[in-house]
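Could you put together the complete structure from these sequences and hints?
Read top to bottom, the protein sequences are chains L and B.
Every number in this note's numbering is 87 more than the matching position in the first sequence, counting from 1.
Every number in this note's numbering is 253 more than the matching position in the second sequence, counting from 1.
If you're looking for bench data, these hints aren't it; they were derived computationally from the structure.
Treat each hint with caution, since some may be false.
Within a straight-line C-alpha distance of at most 25 Å, the following computed PhoX-like cross-link-like pairs (lysine-lysine) qualify [to be verified]:
| # | chain 1 | residue 1 | chain 2 | residue 2 |
| --- | --- | --- | --- | --- |
| 1 | B | Lys310 | L | Lys88 |
| 2 | L | Lys155 | L | Lys88 |
| 3 | B | Lys310 | L | Lys184 |
| 4 | L | Lys88 | B | Lys323 |
| 5 | L | Lys197 | L | Lys129 |
| 6 | B | Lys336 | B | Lys262 |
| 7 | B | Lys323 | B | Lys310 |
| 8 | B | Lys262 | L | Lys197 |
| 9 | B | Lys310 | B | Lys336 |
| 10 | B | Lys267 | B | Lys323 |
| 11 | B | Lys336 | B | Lys267 |
| 12 | B | Lys267 | B | Lys324 |
| 13 | B | Lys323 | L | Lys155 |
| 14 | L | Lys184 | L | Lys129 |
| 15 | B | Lys310 | B | Lys324 |
So the derived label-pair ranges between C-beta atoms look like this [stated by the list, open to error]:
| # | chain 1 | residue 1 | chain 2 | residue 2 | range |
| --- | --- | --- | --- | --- | --- |
| 16 | B | Lys310 | L | Gly128 | 22 to 30 Å |
| 17 | L | Ala116 | B | Gln270 | 14 to 22 Å |
| 18 | L | Asp185 | B | Asp283 | 15 to 23 Å |
The beta carbon of each residue, even a glycine, is placed where N, CA and C say it ideally should be.
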Amino acid sequence: KQEVTQIPAALSVPEGENLVLNCSFTDSAIYNLQWFRQDPGKGLTSLLLIQSSQREQTSGRLNASLDKSSGRSTLYIAASQPGDSATYLCAVGMVPKDSNYQLIWGAGTKLIIKP
Amino acid sequence: DGGITQSPKYLFRKEGQNVTLSCEQNLNHDAMYWYRQDPGQGLRLIYYSQIVNDFQKGDIAEGYSVSREKKESFPLTVTSAQKNPTAFYLCASIGGAGANEQFFGPGTRLTVL
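Written out as structure tokens, the structure is:
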């Protein structure tokens with residue numbers, strides 16, 4: 088059974104630093120992997136989607152990498168800003184046998200950027 | 254603007270009541286999902302629907318029911334059989350240029366009084 092882990096659960100860094108958020112998964116037979124951002128009391132916003140055949144995706148100051156063989160993905164945030172403060176969730180897309188596409192979720196990393 | 258809307262934003266339920274959470278999308282997506290989010294946990298799948306008039310149970314379907322009479326709408330009913338319904342409920346649909354990219358509504362926070 089696929090399990091998705093995000094470490095650390097919380098992270099606080101000064102403004103301007105580059106940082107890396109980690110996501111690990113136990114089953115490498117994934118369809119894709121998606122990173123989301125969630126602000127308190129709000130829905131989720133999709134940040135980056137990496138297909139299983141891809142190694143990385145970039146959007147602005149964000150770069151997500153995928154290493155299926157080691158069961159890891161990282162989300163790199165360059166030049167962090169206070170507005171980046173949010174919870175970041177990783178979700179692995181699977182197509183189980185005799186079933187439909189599903190996302191398996193990590194518990195998230197709560198990021199605080201200090202001014 | 255295309256997107257997913259959920260209503261109400263906040264909902265309060267008395268013990269023994271059924272309540273229905275609304276989810277509407279104008280993205281022309283076929284697949285829609287309901288998740289439950291509790292503090293410190295990942296999202297858990299309640300129900301999903303791949304097409305109109307069809308839906309499947311997720312990991313925690315007990316105490317919940319859904320319908321999918323229209324492509325745009327996927328309401329979730331939290332029944333009195335759900336013993337611990339206080340949570341944040343998120344509706345999502347799948348589509349986009351990137352295959353299987355999931356889009357979310359703003360959520361409904363349900364509290365049992």
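Quick rundown of the hints versus the structure:
no.	hint	verdict
1	B:Lys310 <-> L:Lys88	holds, 17 Å
2	L:Lys155 <-> L:Lys88	holds, 16 Å
3	B:Lys310 <-> L:Lys184	holds, 16 Å
4	L:Lys88 <-> B:Lys323	violated, 33 Å
5	L:Lys197 <-> L:Lys129	holds, 14 Å
6	B:Lys336 <-> B:Lys262	holds, 21 Å
7	B:Lys323 <-> B:Lys310	holds, 18 Å
8	B:Lys262 <-> L:Lys197	holds, 23 Å
9	B:Lys310 <-> B:Lys336	holds, 18 Å
10	B:Lys267 <-> B:Lys323	violated, 29 Å
11	B:Lys336 <-> B:Lys267	holds, 12 Å
12	B:Lys267 <-> B:Lys324	violated, 31 Å
13	B:Lys323 <-> L:Lys155	violated, 38 Å
14	L:Lys184 <-> L:Lys129	violated, 33 Å
15	B:Lys310 <-> B:Lys324	holds, 18 Å
16	B:Lys310 <-> L:Gly128: 22 to 30 Å	holds, 28 Å
17	L:Ala116 <-> B:Gln270: 14 to 22 Å	violated, 42 Å
18	L:Asp185 <-> B:Asp283: 15 to 23 Å	holds, 19 Å
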